[in-house]
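Fit chain B to the given chain A structure using the hints.
Number of protein chains: 2
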Amino acid sequence: MPLNFTLHAHDGLARRGTLSTAHGDIRTPAFMPVGTAATVKGLTPEMVADTGADVLLGNTYHLMLRPTAERVQRLGGLHQFMQWHKPILTDSGGFQVMSLGDLRKISEHGVEFKSHIDGSKHMLTPERATEIQYMLDSNITMVLDECTAYPATYAQAQSSMERSMRWAQRCKDAFIARDGYGLFGIQQGSMYRDLRAASSECLQSIGFDGYAIGGLAVGEGQEVMFGVLDDAVGMLPTERPRYLMGVGKPLDIIGAVMRGVDMFDCVIPTRSGRFGRAYTSYGEINILNARFADDDQPLDAAVSGRASQFSRAYLHHLFKAKEMLGPILLSWHNVAFYQQMMHEIRHSIEQGTFHEVVARYQMAYI
Amino acid sequence: MPLNFTLHAHDGLARRGTLSTAHGDIRTPAFMPVGTAATVKGLTPEMVADTGADVLLGNTYHLMLRPTAERVQRLGGLHQFMQWHKPILTDSGGFQVMSLGDLRKISEHGVEFKSHIDGSKHMLTPERATEIQYMLDSNITMVLDECTAYPATYAQAQSSMERSMRWAQRCKDAFIARDGYGLFGIQQGSMYRDLRAASSECLQSIGFDGYAIGGLAVGEGQEVMFGVLDDAVGMLPTERPRYLMGVGKPLDIIGAVMRGVDMFDCVIPTRSGRFGRAYTSYGEINILNARFADDDQPLDAAVSGRASQFSRAYLHHLFKAKEMLGPILLSWHNVAFYQQMMHEIRHSIEQGTFHEVVARYQMAYI
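Quick mapping for you: the protein sequence lines, in order, are chains A and B. Counting in my numbering, the first sequence runs from 1 upward without gaps. Counting in my numbering, the second sequence runs from 1 upward without gaps.
No wet-lab data here; the hints were simulated from the structure. Quick caveat: nothing in here was measured; it's all calculated off a predicted structure. A portion of the hints provided could be inaccurate.
Repeated chains share a single entry, so a pair holds when one copy, or any two copies, can fit it.
Quick list of in silico lysine-lysine cross-link-like pairs, DSSO-like style, CA-CA up to 27 Å [claimed, not checked]:
#, residue 1, residue 2
1, K322, K86
2, K41, K320
3, K121, K320
4, K105, K249
With the rest of the complex left out, here is chain A:
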C-alpha cells in the first residue's frame, strides 16, 4: 500500500485517523500550513514543526517556475531543499494556473500559460503536473483538475467535471508508485449533487490513495459549502482520507470535520498574521487596534508556543513600527493556534467529546 490510513475513533461523522507516509505520520484531522515557494512565509522549518504541524503543502505552480522542479530534484527534493523532513503534499498547480485569466489557455491536452514572473510560456498537462510533483519528491501528489468557476451552470459544471475526470485518469497513468507516496483524486461537480456523485464514482473506479473535495471555498459562503459537504463527503470511500482543499477559517474546519473531512490547508493563518490579524482562543483580533497599545497580557495564554507569549502591547508596537518581527510572530502564533485547535479536535474525537470543542469555538467565533 503506497499510503497506509488507519481510523482510530469516530464521534458522529468526525474521524480520528493516521495517514502514514515515507516521511512520517500525519495525524488526522490535520491542518497543513501552506509553504507556497518552499517556505511557510516568515517561519523557519523548526518554528513550523514547533507548532505541531505534521505536514506542509507546497505549490506546484510557484515551484515549477522558481526554482523549477528540475532544480529542486537536483538539490535532493523539496524536503531536503527547505529542510522540512516531515510529510509534504503538493497541489497540482491547476488552481493557480486557472486564476491567471488572460495569461492561460485551457484545452483537452492541458493548460498553456505565461509565467507571472517573466512572461515565459509553459504547458501544464496531467502528465507534467504528475511528473513535477514526483521531481519535488512530494509524499502526496494531487491530480491536475479544472477548478470549476463559481457559480457555474449545470452544463458548465458537468463538462468541466468530466474533463477533470479524464485528467484524473491520465494522472493515475503517469503516477509512479513508491512506498509511502500516494496520489489523491479530486471530486468536482460544483454545487450539483448528482455531478458530485458521478465524479466520486469515476474517481473510485480509477482508484486513489485519498480523495479531495474540490471546487469549494471559491466564494460560495459557509452555508452553501456545508450544504455541499453534507452530501459530498458521504460519497467518498470511508477507508481513505478526505481532504477539503483551501479551507479555511476555524469554524469552516470544525464544521467540515463534523461532516467527516480529515485534511485541510489554507493560507489564512500566515496571510492574516502578516497583516496583523490574530486567531485566538478569545476570537479574531486586529493587533493594530489601539486598545492593545498598553495591554501587557500575553497574546494568547491558552496557546502554548513561543509566539503566543509575547504581550499584546509588544506585538501592537511591532506592527505600528512596521517591524518584520510582527508578521513573523503573528504568523507563528496563528499556525500554532490552528495546530492546537486540530489537536483539541483529535483528542475530543477520541474522547467522544467533540461537541464540546465545537461549542467552545462557536462561542469564540460567532
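Same frame as chain A, but now just chain B:
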C-alpha cells in the same frame, strides 16, 4: 560599584574581560547587535541569544517616539517588553537626532527636533536622555553628546567637544545609580589628538563606568579611524571598558580590538542580511549572485548556528522569490558569524594567539 569590570588576559593591546550587569555578564571583546525599535530586525530574542550575543543595543531616539519611554516603563522596562532578559545598552538618541538635518535645532540646553513619524515636537536634553534610558531600564546608559560632523575644523571640533563635555557632566548629575547599572561617557575631538586628550581628561575627572570613543565611523575611512584609535584608546583608563560606537565590518572590529577596544555595535549584520549580503568564513558574498542558484553547500559550514546550515541554493531562491525567510535567515547567520568571530577573538586573546585570528580574517576579507 555599579558595573564591575574584570580583565582576564591581554595579548598585545587586545584585552579579554567581563563586564557584569544586573542582567548578567558581558564577555569582552563584545559585539552588540542593534535592536533599534525593541527588536533586532527579523529575529526573535531566542534567535539572537542562540548566536551567543550577551548584550543588545537599543535606540533611545526610536523608542522615545514609539512606543515611548513612558509606555515601556509602564510595561515593565525594555527587557520585559521585548523579552530579552540579558543586558541592554542604549544610546542617548543624540546621533539620530543630529542626523535629522532641518528637523532639529541644537542649543546649549539640548536638541529640539521634530519626529520623523508624525512631525510632533520633542526636546532631548542631557537630563531627558538620561531619564529616558532610566525608564527603559537600560543597563548601560550613554551620555547625550554632539556627534561632531566629519570633516570639522579644529575650532568646530573644539567647541563641539566642549559642549559634549558640559552635557556629559549634566548626564552624570542626572544619572540615578543602581547596582548593576552604569553610565558611559563619550570621548569626542574629531581627528585632533589634543582635543581627544582633553576630552578624555574631562570625562575621567567626571568619572564614568565606561568610556566610548565617539565621532568615528562617520565616513572617515578605516585608515583614518585606526590612526585616531592608535592615539585615542590609550588616553582612556585601562580599568574600565572601552566602546567604539557604530563599528563595524569584521576587519574594523579586529583592528580596533588590536588597539585595545572592548565593545562594538553596528547594524551591518542585520542590514546586510536583509539585502542578501552575507559575512562568511570565506569572505563577503551576495547570495543573489547566479553562481549560488545550484550550490547545495551550506551557507557557511564553519559557523555553528541553524541559519548557516541552509544551502546557498535555498537562500538564493528565497531572495529571488522575495520571501521573508531570506532576510530572516541571512540576518540570523550574519549575527551568528559576528558572534562566532567575537568568540574566536576572546578565546585567542586568552591563548595568546590573537595574531592567528587577525591573519585568518585578513585573508578572507582583504
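At most 27 Å between C-alpha atoms: does K105 with K249 qualify within a copy, between copies, both, or neither?
neither (32 Å within a copy, 53 Å between copies)
Pop the pair K322 and K86 into one bin, within, between, both or neither, using alpha-carbon distances up to 27 Å.
between (33 Å within a copy, 25 Å between copies)
Alpha-carbon proximity between K121 and K320, which holds within one copy, between copies, both or neither at 27 Å
So K121 and K320 pass the 27 Å test across copies only (19 Å; inside, 41 Å).
Homomeric proximity label, K41 with K320: Cα distance no greater than 27 Å
both (20 Å within a copy, 14 Å between copies)
Violation of the numbered hints given earlier is confined to hint 4; every other hint is satisfied by the structure.
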